[in-house]
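> One line per chain: the protein sequences are W, U and Y, in this order. Read in the UniProt record's numbering, the first sequence has 243 at position 243, and its numbers run on one by one without any break. Read in the UniProt record's numbering, the second sequence has 186 at position 186, and its numbers run on one by one without any break. Read in the UniProt record's numbering, the third sequence has 48 at position 48, and its numbers run on one by one without any break.
Calculated from the structure, these hints are not laboratory results. It should be emphasised that the depicted structure is a prediction, and the values quoted were computed from it without experimental measurement. Any given hint could turn out to be false.
Listed below are the simulated EDC-like cross-link pairs for lysine to aspartate or glutamate, each with C-alpha atoms no more than 20 Å apart in a straight line [unchecked claim]:
| id | chain 1 | residue 1 | chain 2 | residue 2 |
| --- | --- | --- | --- | --- |
| 1 | Y | LYS266 | W | GLU182 |
| 2 | Y | LYS266 | W | ASP173 |
| 3 | Y | LYS266 | W | GLU186 |
| 4 | W | LYS151 | W | ASP173 |
| 5 | W | LYS157 | W | ASP233 |
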Amino acid sequence: MKKLLNASLAAVMASTLATAQADEVKIGMITTLSGGGSHLGVDVRDGFMLAMEQAGRDDIEVLVQDDARKPDVAKSLANEFIQREDVDILTGIIWSNLAMAVVPSAVRQGPFYISPNAGPSDLAGRLCHNKYFNVAWQNNNLHEAMGAYMKQADVKKPFILAPNYPAGTDALDGFKSRFQGELANEVYTQLGQTDYAAELAQIRASDADSVFFFLPGGMGIAFMKQYAGAGIDLPVYGPAFSFDEIILGAVGDAAVGVKNTSQWAYDLDNPTNNAFVASFREKYGRTPTLYASQGFDTANLILSALDVAHPDDEEAFQAALEAANFESTRGDFRFGPNHHPIQDIYVREVVDQGNGPTNQLVGVAVEDLQDSFVDQCSL
Amino acid sequence: MTSLESHIPSRSPSLGRRPLSRETVIGWGLILVLVAAAVFAHLAGEPFYVNLASRIAIVALAGVGLNLALGFGGMVSFGHAAFFGIGGYVAGIGAFHAFDQSPLFGLSGLPAGSDLMPVLWLSALLVCGLVAYAIGAISLGTSGVYFIMITLAFAQMIYYFAVSWPTYGGEDGLPIYIRNSLPGLDTNNPLVFFTLCMALLGLALFLTQRWMNARFGAALTMARLNETRLATAGVEPRPIRLAAFVISGMITGVAGALFADLNGFVGPSMLSWHRSGEIMVIVILGGVGRLCGPLAGAILFVMMETLLGGLTEYWQLFLGVVLLAVVLFARGGVMGLLAGRERYA
Amino acid sequence: MTLTLLIEQVLNGIQLGTMLFLMASGLTLVFGVMGLINLAHGSFYMTGAFVTAWVTGLTGSFWVGLLGGVLAAAAVGAVVEWTVIRRLYHRDHLDQVLATFALILIFSEGTRWIFGSSPLWLNVPDSLSGSVTLPGGVEYPLYRLAIIVMGVAIAIGLYLLISRTRLGMRIRAGENDREMIGALGVDISTLYTLVFALGAALAGLAGSTIGALQSVQVGMGEPVLILAFVVIVIGGIGSIKGALIGAVLVGVVDTLGRVLLPGLFKLFMAPSDASGVGAALASMLIYVLMAGILAFKPNGLFAAHD
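Between the sequences and the hints, there should be enough to build the whole structure, so can you do that?
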């Protein structure tokens, strides 16, 4: 009975909506707000909403829903947004496996999808789509940049490790494609593993001169804490995913000295970024992470395109997105032909200046890095 | 395996012999409500609600499978996600190779994949039957908590295997770009897909009722209630249980294949122990060992998930409170509340 | 692989085993005495870790935090027993599984509500940081060594508690004949609350100590919980001795599997494929072990009773 009531209620609502202003824009955000790894989704959302608030437009409605990091929940939310709410733009997904479940069918049903985080290789290459844009990075970018940086820094023999899942193997492949040198060892750990004693013993026993690892979320926290107590003093490198401001707060001083690659840093000196960091701190009382900057950039990209055209005018809106005519927190920003960014990747170092560890910009790893899947894309 | 005795009245099931028992009426009522809601939503141009109804039917089908082992057979399996996921992967892998026009598993000599639903359903039945036979053959040597845990262990093994098997996406899972087809029908039409799900659910309910009325059901019930008496009657309890476990796994496997098609996606999350818990929750919410219990449980569970999820990001907290309340204060689940504690079907 | 590395890896396995023992002993005690299967045991582990991190942050002392974490876990355990669990003793396993599954949801989301989504900071205390050189030239982290020592001490303590004290006598009596001990005039509900709180305190201790090595975050108890169940099923449910041996077995097999299997596959495969396949098999290994043991010994290695 409840279902019937709901259905009829929704039908009434749909009919009233249809008569509402036709040029209103509806954005559906599906992101991870509960369970493990939810701080990424929370930051993307907060950054996104901050930009929306600053724009102060009352013709844009943003609907936010929690996917609990489950692909089938994300999929069902996407259907809800597309079929019931008739959204113009979808955004928000954090994890690649959720993006792969949602994006290919969502963009075929009508709305644009603007990714604030996940950038799986298939969506950059084989399955690229004219309505799909990625504002963050292709998944391999930060690993490739670190490979290039370590090669420049004359690292001879790194020990590399990542979890045994597609993003993990992609990470090590991306790293190797730019590093191209000898490796001390290449180890895959279990996804969700929390104890790294066995791997640390292998590192100590090896003849490695450095460590590169990709262990996102809690795995990275556990690894860094245990690394600090293991009596190994090799330099550590990794992508920013294991060293965002929230993770650093949990790891503490154990992370000091680590170099990590990121497309953004909070001390990156440009007016947009300075204003963003200040207003984010003021509103939420914490330092933004790279995810918050991605959410902020995603919203501003959308806003810039909405100034030119309504998403119903698909070609004009797509062209406006492609132009990427917005002030990015990263400074220069443009899209490649597959709608993925071509951007500088920076190197940051974890330092402690008396009030807890934080990242400090030290240089550029690669300028104008483009992903390596663009050739597979037919756009 | 005596742990379930307190749960289910010792009365042997007199399924169907009283044509219009209260439970039968409620069962038909639930089916009609679901069908009417789907048709109404379709006419109102709300495909979302039609898909929600499909989801309920599929989850209920998975529950009907588990109910056969757990409710009627007294085998508390904490690993039915294994069959649900394998069914899903059969549909996903078949569609993957049909899309690519490549042979199964990339091995030349094997036939190409298929995107025909009947082929995929039969394959899911076959594969899940074989896996359930292997798991059941080993697990049925144990009982009580050991049985719960060994089924969980097998499901975890398959989960980790799926996570680290890169060919079919590993942790990322495997998208199904084009919904599998059935000649003569437009499976992309939500109402058509719902009808398919509902038809399979109806078939499973019908077959379960037939079996439970037959000698097989009597033997299975007796194996649960009094193993020794069954043995003195000259029937070995173990093959009966194994058969029920295998059929149970097969039904849940078909539900998995449908679920993969509904979502256009299959991934290891379909195999996780949380999923096993959810299928179990659905059976218990509805009423253990009640024919239409899983349907009632599925309606309640999916509705709670959808409604609470829209209200608060802490919805799982409230889901937990509701579940706890059901266990503590509403024994017998929804069907127990609606149809009373006696069991007819 | 050198001998010292092998010794170190075996130590790592034992350390994982001691931590699993802390979890498993509580589970197995509760099952043995009250016949209850408790999926929410991992929530006490999480409670211990979160309260330890919180109190350590407030006071600056890890040891005060550790004490707080263990006491909080025991207190939460007692409250949960008093409000929910005691209604489940006479129910079947199915109700127990469902109710404690619901408790997991409540605890996980409740913790997130109170502490937020971000992982908390907790680190090894200064006095136990760094590593020591053991006889034979094995260099080993001091903190992990301390965990092993603590685990041994707890195992001995539990043994003495159960075999030498009045409480232990009642626990043993409860395991053997639940009706009898009530008839003898023992306050059974207090005994049950005590045993449950003891189990929760042990889980909290595990969470607090491991929290310093890992990430203190919501959901951290679940992987450990599954492992602890594997342990008690292998060891024989209800048997503390079985839990100890099962825990060390699982710890060592898991650790050595992770280290040795990829190397084994490298003998006949390309290195990056070998790491992947080896890691995949290693993650399945303990479940294979468990299924294998149950196939031949359906009640575990040291079944107390069923």
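> Now tell me if each hint is right for this structure.
Here's how the hints hold up against the structure:
1. Y/LYS266 with W/GLU182: holds (17 Å)
2. Y/LYS266 with W/ASP173: This hinted pair holds, its Cα atoms lying about 18 Å apart.
3. Y/LYS266 with W/GLU186: holds (11 Å)
4. W/LYS151 with W/ASP173: holds (15 Å)
5. W/LYS157 with W/ASP233: The given pair, whose Cα atoms are some 15 Å apart, holds under the 20 Å limit.
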